[in-house]
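Novice: Chain by chain, the residues:
Protein chains: 2
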Amino acid sequence: MINYKIRVQYDGTRYKGWQRQKSIDQTIQGKIEVILKKQFGRDIEIDGSGRTDAGVHAMYQVANFRLHEAEAEHFGGEPEALTALLNAYLPEDIAVLETRIASERFHSRLNAVEKTYIYRIWNSGIPNVFDRKYVFQIEKKLDVEQMRQAAEPLLGTHDFAAFCGNAKMKKSTVRSIYEIRIETIGDEVRITYRGNGFLQNMVRILTGTLVEVGLGDRDAMSMTAILESKTRAQAGAMMPACGLTLWEVKYD
Amino acid sequence: MINYKIRVQYDGTRYKGWQRQKSIDQTIQGKIEVILKKQFGRDIEIDGSGRTDAGVHAMYQVANFRLHEAEAEHFGGEPEALTALLNAYLPEDIAVLETRIASERFHSRLNAVEKTYIYRIWNSGIPNVFDRKYVFQIEKKLDVEQMRQAAEPLLGTHDFAAFCGNAKMKKSTVRSIYEIRIETIGDEVRITYRGNGFLQNMVRILTGTLVEVGLGDRDAMSMTAILESKTRAQAGAMMPACGLTLWEVKYD
Numbered sequence: 003m004i005n006y007k008i009r010v011q012y013d014g015t016r017y018k019g020w021q022r023q024k025s026i027d028q029t030i031q032g033k034i035e036v037i038l039k040k041q042f043g044r045d046i047e048i049d050g051s052g053r054t055d056a057g058v059h060a061m062y063q064v065a066n067f068r069l070h071e072a073e074a075e076h077f078g079g080e081p082e083a084l085t086a087l088l089n090a091y092l093p094e095d096i097a098v099l100e101t102r103i104a105s106e107r108f109h110s111r112l113n114a115v116e117k118t119y120i121y122r123i124w125n126s127g128i129p130n131v132f133d134r135k136y137v138f139q140i141e142k143k144l145d146v147e148q149m150r151q152a153a154e155p156l157l158g159t160h161d162f163a164a165f166c167g168n169a170k171m172k173k174s175t176v177r178s179i180y181e182i183r184i185e186t187i188g189d190e191v192r193i194t195y196r197g198n199g200f201l202q203n204m205v206r207i208l209t210g211t212l213v214e215v216g217l218g219d220r221d222a223m224s225m226t227a228i229l230e231s232k233t234r235a236q237a238g239a240m241m242p243a244c245g246l247t248l249w250e251v252k253y254d
Numbered sequence: 003m004i005n006y007k008i009r010v011q012y013d014g015t016r017y018k019g020w021q022r023q024k025s026i027d028q029t030i031q032g033k034i035e036v037i038l039k040k041q042f043g044r045d046i047e048i049d050g051s052g053r054t055d056a057g058v059h060a061m062y063q064v065a066n067f068r069l070h071e072a073e074a075e076h077f078g079g080e081p082e083a084l085t086a087l088l089n090a091y092l093p094e095d096i097a098v099l100e101t102r103i104a105s106e107r108f109h110s111r112l113n114a115v116e117k118t119y120i121y122r123i124w125n126s127g128i129p130n131v132f133d134r135k136y137v138f139q140i141e142k143k144l145d146v147e148q149m150r151q152a153a154e155p156l157l158g159t160h161d162f163a164a165f166c167g168n169a170k171m172k173k174s175t176v177r178s179i180y181e182i183r184i185e186t187i188g189d190e191v192r193i194t195y196r197g198n199g200f201l202q203n204m205v206r207i208l209t210g211t212l213v214e215v216g217l218g219d220r221d222a223m224s225m226t227a228i229l230e231s232k233t234r235a236q237a238g239a240m241m242p243a244c245g246l247t248l249w250e251v252k253y254d
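Line order of the protein sequences matches chains A and B. Taking this note's numbering, the leading residue of the first sequence gets 3, the next gets one more, and so forth. Taking this note's numbering, the leading residue of the second sequence gets 3, the next gets one more, and so forth.
Same chains, same names: a pair is fine if it fits in one copy or spans any two.
With a cut-off of at most 25 Å between alpha-carbon atoms, the simulated PhoX-like pairs for lysine-lysine come out as follows:
#1 K135 to K33
#2 K135 to K18
#3 K173 to K24
Derived by calculation from the structure, the hints in this document are not laboratory data.
When you get a sec, could you build the whole thing from the sequences and use the hints?
Specialist: Below, the structure written as structure tokens:
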């Protein structure tokens with residue numbers, strides 16, 4: 003078998019997220035698998051580095067899947083030919099940026115060591131026409147300095163149960179965040195999260211909590227208490243999906 | 003009367019251009035005028051700095067219109083209130099960025115002294131997901147150096163009849179181009195045109211001609227002969243609207 007690693011970019015607006023669902027193929031994974039099935043005449047499962055929620059975008063999602071040598075011969079086996087083949091059938095809001103042959107044991111989810119997510123807030127009373135599908139608009143000016151202070155205790159390794167959207171989560175809710183960068187770029191407030199992994203809805207709940215601080219509705223010093231409570235109700239509201247983009251996935 | 007000057011941003015994809023048409027209001031001008039009519043109960047004509055074609059975008063289009071003092075009192079007369087009022091009713095692909103009170107004689111078309119248009123080419127075999135509505139994709143690599151050479155004789159004041167899309171143009175086809183900047187930004191080839199004004203379809207025909215040079219289908223030295231021919235058939239094909247954006251309009 004040949005193990006192909008692909009980098010996928012998508013505008014998540016029209017989709018029910020990355021992960022294929024039983025009967026609906028309005029997912030990114032489903033769209034790619036349907037093409038592979040038509041091409042190679044069998045079910046080929048692709049593994050993504052992680053599930054993105056409905057409406058969330060990806061700059062560089064990573065996924066992998068295996069083809070038999072004989073199947074690869076159909077398109078010459080060259081990774082570039084596989085990229086072209088997939089792009090020829092994908093809709094305009096999904097693109098394969100690159101295909102590489104990975105080592106036989108490479109697994110895009112299990113081997114991922116670092117992920118970067120970016121949440122984009124359009125902090126203005128004037129709408130953003132061109133990026134409207136990729137930002138979330140908040141009219142009232144955010145106090146970015148307060149947000150930066152609030153973010154500091156979140157860095158490092160913690161139990162992020164209070165920021166987990168899955169109430170029935172049975173596995174560990176401990177994660178490490180390496181960086182939370184809050185930048186202002188013109189009228190945009192852009193929050194970059196870098197960590198070893200993120201729980202379900204975690205980036206959107208972290209952002210919602212930081213936004214409440216930025217709006218003056220929550221004390222910047224309250225983050226440690228929220229973490230320690232391990233209680234979802236202590237954290238802020240979950241932000242809408244449209245502002246969130248999976249930016250990068252790193253491997254050793 | 004109070005003369006209001008507005009800066010308008012739009013994603014032209016869904017529209018039949020700037021200029022209102024008889025029975026169709028799927029134009030930018032039409033969308034704004036309908037709101038003004040509902041608000042003030044009479045036909046209020048807005049003048050744009052120029053007509054953008056169907057499908058062309060604008061970063062900063064400029065327009066102006068006049069209100070009676072009594073009408074302005076309805077919203078307090080403040081330009082910011084007018085901005086908010088218009089944005090409240092405009093669709094998400096049109097936004098008023100700013101409103102100012104202009105001098106009584108200000109006319110957005112007649113007083114414009116300089117316009118900037120940008121044509122964005124996505125020069126890659128891999129689709130551009132996020133900017134797909136604002137670029138035109140050309141897979142084959144363009145020879146940008148040849149395009150820059152070709153652009154040079156276009157600078158200055160010339161009769162651009164060969165680059166005019168209106169065969170029945172009765173007015174002067176003489177225009178001045180101050181700058182043609184051709185940049186590569188990653189996989190994008192971005193062409194910025196700055197001049198005192200542009201004829202119908204002129205930027206798209208200029209770009210089509212330069213692209214033919216970049217593809218090796220036309221000699222870089224042929225521009226002077228095209229200008230001198232004053233014949234539309236001598237110039238290249240007109241590029242699609244989607245890649246074109248009216249970027250800026252300047253006044254004295």
